[in-house]
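In case you want the letters, here they are:
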Amino acid sequence: MSNLQKAFESGKFAVTAETAPSKGIDLSHQVSIAVSLKDRVDALNVTDFQSSSLKASSYGLVIKLIQAGVEPVMQMTGRDRSRMAIQGDFLAAAAFGVENLLALTGDHTSVGDCPDSMPVFDLDSVGILNAATQLMNGVDNGGNALVGDAPKFYLGASLTPEYDPIELHLMKMKKKIDAGAKFFQTQGVYSIESYKRFMDLASKYDCYIMAGIIPLKSAGAARYMNKNVPGINVPDDLIDRLKNSKKPVQEGILIAAETIAALKEQELCHGVHIMAIGAEENVAPIMDAAGI
Amino acid sequence: MIITTKKPVEELLNDLRDAKNVLLVGCGECATVCKTGGEADVEEMRAILEANGKTIAGSFVSETCCNALLVKKELKNAKDALGAADAIVSLSCGDGTQTLGDQVEIPVYPANNTMFLGEVVRQGIFKEACRFCGDCVLANTGAICPVTQCAKSLANGPCGGSKEGHCEVNPETPCAWIEIYEKVKKLGQVDRLAALSTKAHGENVFPRTINLKDGTAKV
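Chains as they are written, first to last, in the numbering used here: chain A, 1 to 292; chain B, 1 to 219.
Take the hints with a grain of salt, since some may be wrong.
Here are some chain B residues pointing at chain A (derived, C-beta under 8 Å) [stated by the list, open to error]:
id : residue
1  : L82
2  : A84
3  : C130
4  : F132
5  : A151
6  : L154
7  : A155
8  : N156
9  : P158
10 : S162
11 : E168
12 : V184
13 : A194
Since the hints were derived computationally from the structure, they do not count as laboratory data. Note that beta-carbon positions come from the ideal geometry of N, C-alpha and C, so glycine has one too.
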């Protein structure tokens, strides 16, 4: 059983962070970040060609983390691999001890840095979860039996609390759970009120939900995210705080910490997933300030 | 309808670099509607090629360029022009160009790019409508095709990428899954979206043939 699963099932407030592989072959920075966070987080996500940008695949960094004694959450999108390749990579990852998987649809190839790459989308997030569940049941997507022990995975997926219409999003959430998702990580949360409205609808489902935390770096970055990143809605009062601060990065860390503390105090989630996006050195200070 | 667009003239002229006498063949069906293969388009092509030093050995607009027996008959009627030609320029879709290519011993060059199966929204406006997946799901999706209208062809609902109801890939386009959801809600069929949907690609090994006489579909 993975640390992450143990954390949820023991009732602990779970924490994950994430790191992206390099656009190259040197993964030492990511490994050192992972090792520094090892005793603070329950697991560390490794992104899969995040933003449709070509990098070393998640699979490689996931193995590096396991070798360094850090538990990974392997992200897998449907954008670049057929169902055969997805299941093959899952089996190979399981052979190295990977348990936590996070299934995502993935951004379209056309928005990334290899726009002529074929957008595969053979399976969507629900299909990826289903394929992983089939492997856990000892069969592949063609219905063929696996040889030897079946892999043991702990399956996760994503949620967008600000999605509209929310009923449609909840319908897909239910499909993800039916296909095997046990935990969710959400898009960045900035408004407790708005997140609470989402949880009033989502808490009826049997799963663990980690609220997404993306520390803001500046008022400009917050406005950019509001305009360009789907599912992000930074309220004006937070943008004003960043604008009026002499140290906006520190203010962003403080806002993230306050959000985490409020979510925890009001028992609105089972944990948090901190996405520092290239500033992973801020993860521990955020946790310290949040008192977790 | 098969939607086509004209290739750049320079590309076609490069393809025709070894040709001197050219037979032009248009198509009276889809390419006429797309203004890529009707009478006027054939005449425009005649003027372009003549201005670039080619001789036009003849021209005709096929009734339906994708019907092999019909095209065979039409080429027979144009045998003098065909005999004088050292190349054919096909102003039809990719299917018509291949049908022509099967019937003659000289090179056939496409004047058009074949884009998609689509509907005529209004004159001159075409919209992709079907990707020939061979496994129609429209019964469950309010007659809105997720395979075609969703940029990711998602089978089980929307991605998280829509912004104010619009697609992350084509910001001008409404999210197909939101449209599907609103439609099935109106139809009282939201429950039809609940089941796991996975496309089976095993049925789509190209090239596919269908034989109505012996009832077989070779896939």
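Outcome of the hint check:
1. Given hint, L82 of chain B at the interface with chain A, is violated; its Cβ is 39 Å from that chain's nearest Cβ, farther than 8 Å.
2. At its closest, the beta carbon of A84 of chain B sits 42 Å from a beta carbon of chain A; the interface hint therefore is violated under the 8 Å criterion.
3. With a least beta-carbon distance of about 17 Å to chain A, the hint placing C130 of chain B at the interface is violated under the 8 Å criterion.
4. Taken as an interface hint, F132 of chain B does not check out: its beta carbon lies about 16 Å from the nearest beta carbon of chain A, beyond 8 Å.
5. Proximity of A151 of chain B to chain A holds as hinted, the smallest CB-CB distance being about 6 Å (cut-off 8 Å).
6. Using the Cβ-Cβ criterion of 8 Å, the hint placing L154 of chain B at the interface with chain A is satisfied: the shortest such distance is roughly 5 Å.
7. Nearest Cβ of chain A to the Cβ of A155 of chain B: about 6 Å, under the 8 Å cut. The hint holds.
8. For N156 of chain B, the interface hint holds, since its Cβ comes within 8 Å of a Cβ in chain A; the closest pair sits about 4 Å apart.
9. Annotation: interface hint on P158 of chain B holds; nearest CB of chain A at approximately 6 Å, less than 8 Å.
10. The interface hint given for S162 of chain B is met, as the beta carbon of that residue sits about 6 Å from the closest beta carbon of chain A, less than 8 Å.
11. For E168 of chain B, the suggested interface contact is upheld, since its CB lies about 6 Å from the closest CB of chain A, less than 8 Å.
12. Proximity of V184 of chain B to chain A is violated relative to the hint, the smallest CB-CB distance being about 10 Å (cut-off 8 Å).
13. Against a cut-off of 8 Å between C-beta atoms, the interface hint on A194 of chain B holds, since the closest Cβ of chain A lies about 7 Å away.
Violated hints for the displayed structure, listed by number in ascending order: 1, 2, 3, 4, 12.
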